[in-house]
Amino acid sequence: MLNPGQSFFLDTIMQLRQTENILLHSRMMEFTAEEEELVIEFLRREYETESLDYPFVPPAFNAPAALWAAKLAYLSSLLILYRENKNEELASILPVYAGEKDASVILSADLCLRFLPAIYLFAKMLDQEDTLAGLLRDILGEWPYAATGAGIEAKEGEAVLPDNDCLRQLYIDRIIAKKDLRSASMQGIREQVQASMGNYSTTFWKELK
Amino acid sequence: MAEDTPGSLEYILRIGQEHRDLLSQVRHWDKLKIALHEGSYWIKELTARQVASPEIKSIPYKEIFYLKGNKLFPEGSRLPVQRMPLSLLWAPIDRGLPVKLPMPNHNFFGLKETVGISIVPSAKEEQAVALMVTAADLRMYMETAPAVRLQPLSWVIIGKDKAMIFGSPLLPMQGQAFWKKGSFLFPAGFDLEFPVLSAQLENKMDPQGDLIVWEKDSTCFRVEKAAIKKLSIASFRRSVKPQGSVTL
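Protein chains in written order, with my numbering: chain A, 1 to 209; chain B, 1 to 248.
Treat the hints as calculated values from the structure; they're not laboratory data. Yeah, the Cβ is synthetic: ideal placement off N, Cα and C, and Gly gets one too. Some hints could be false.
[To be verified] Below 27 Å or equal to it, Euclidean Cα-Cα: the simulated DSS-like pairs (lysine-lysine) are:
id, chain 1, residue 1, chain 2, residue 2
1, A, K178, B, K229
2, B, K71, B, K160
3, B, K62, B, K33
4, B, K162, B, K71
5, B, K57, B, K68
6, B, K71, B, K57
7, B, K31, B, K44
8, B, K57, A, K179
9, A, K206, B, K160
10, B, K33, B, K57
11, B, K68, B, K44
12, A, K178, B, K62
[Stated by the list, open to error] According to the in silico footprint, chain B covers these stretches of chain A (three or more CB under 8 Å from chain B):
id, segment
13, 17-26
14, 50-59
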């Protein structure tokens, strides 16, 4: 069912997930319901495979959040390459996530959202004062789990450690993996990072004091 | 007191030829000279300290003299008893008393004798490279494991309810640690009873790149290298029965 060539949107997202490259096939910015279904189906499978490796009990897949993040990654790359829209229209093309952000939403969205820091850095490199770059930074500020290691200041209230056991451990793991010193030195997170590395914090992360 | 003070007395030991074997305990004093003369062995260049030592004192049938002006004085006496015989053929004592090796027995056919292979406690300290844990313990850790601790590790399931973890640093869990020597894994604090046989034994068992794990009761089993997989939560969940069971 999920074959390449069915839909440009699906192809791009598959490419992104499997090789971590963005490959744009068209400049279409509208998606049919069928295309969205295909991408959700693909992301659901990806989530099932990935959540097998999550500690504690992984939360359920959240389709709208995953789709929102996939669209965000796709459209922001498209806007870097090819932009006909005015700056004022960008915010409506790349909407912020409307809805409660629980562990299920954060982890489902993260399937594609984890690539957004790279897209943001690329946009920023092309043009420091680009509206798109500013927009992406604002969005990433609301998603500290995806933005870990990108050096983006988290928005007020977003940086606290999640309540969900699974997400919290994943967050700590990502801070250690990306060696995000700034997050690791925050109150509350610091102790968790130390606890995860146990006696071997100098073996795993020398710079952490 | 230095032994080679000028003017200090030189002592001479004489012992009958039939008591030759009694000299074996001073044979390694390499400064001594020995000579055979008229049925007696003569040993010269003994010092006062050597004469007083238990090695010399414990030799029976000996006579000790001190030498002054080529005359021999018995110990403690001021009257010489005889002259030192002239023209003795002096030789270093280890040359004068050569060691004879026993002849090999060409008729010995005791080839059926065997050596039992077992492992025994050893005092040598070695780095642990593997940890054998029970499935229940591992499950408790794995469900909540931080990724950074699992990253350097690999694992293999042993039997029905055990698992072996390889790598460093190992997990903070209870279990039996193992150290590695060639293809052998020994429990920490244990080694082969005859470590010198280790290479031959390994050759004979021919692990072909696999590992041989020894247990404390001297039994061993083979772990295929190919069966050892990277340790991750996903790998663990795929390998074990669902939550709640204590076996793998």
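Structure-based check of each hint:
| no. | hint | verdict |
| --- | --- | --- |
| 1 | K178/A - K229/B | 24 Å, holds |
| 2 | K71/B - K160/B | 89 Å, violated |
| 3 | K62/B - K33/B | 16 Å, holds |
| 4 | K162/B - K71/B | 84 Å, violated |
| 5 | K57/B - K68/B | 22 Å, holds |
| 6 | K71/B - K57/B | 23 Å, holds |
| 7 | K31/B - K44/B | 9 Å, holds |
| 8 | K57/B - K179/A | 76 Å, violated |
| 9 | K206/A - K160/B | 39 Å, violated |
| 10 | K33/B - K57/B | 18 Å, holds |
| 11 | K68/B - K44/B | 13 Å, holds |
| 12 | K178/A - K62/B | 85 Å, violated |
| 13 | 17-26 | violated (count 0) |
| 14 | 50-59 | holds (count 5) |
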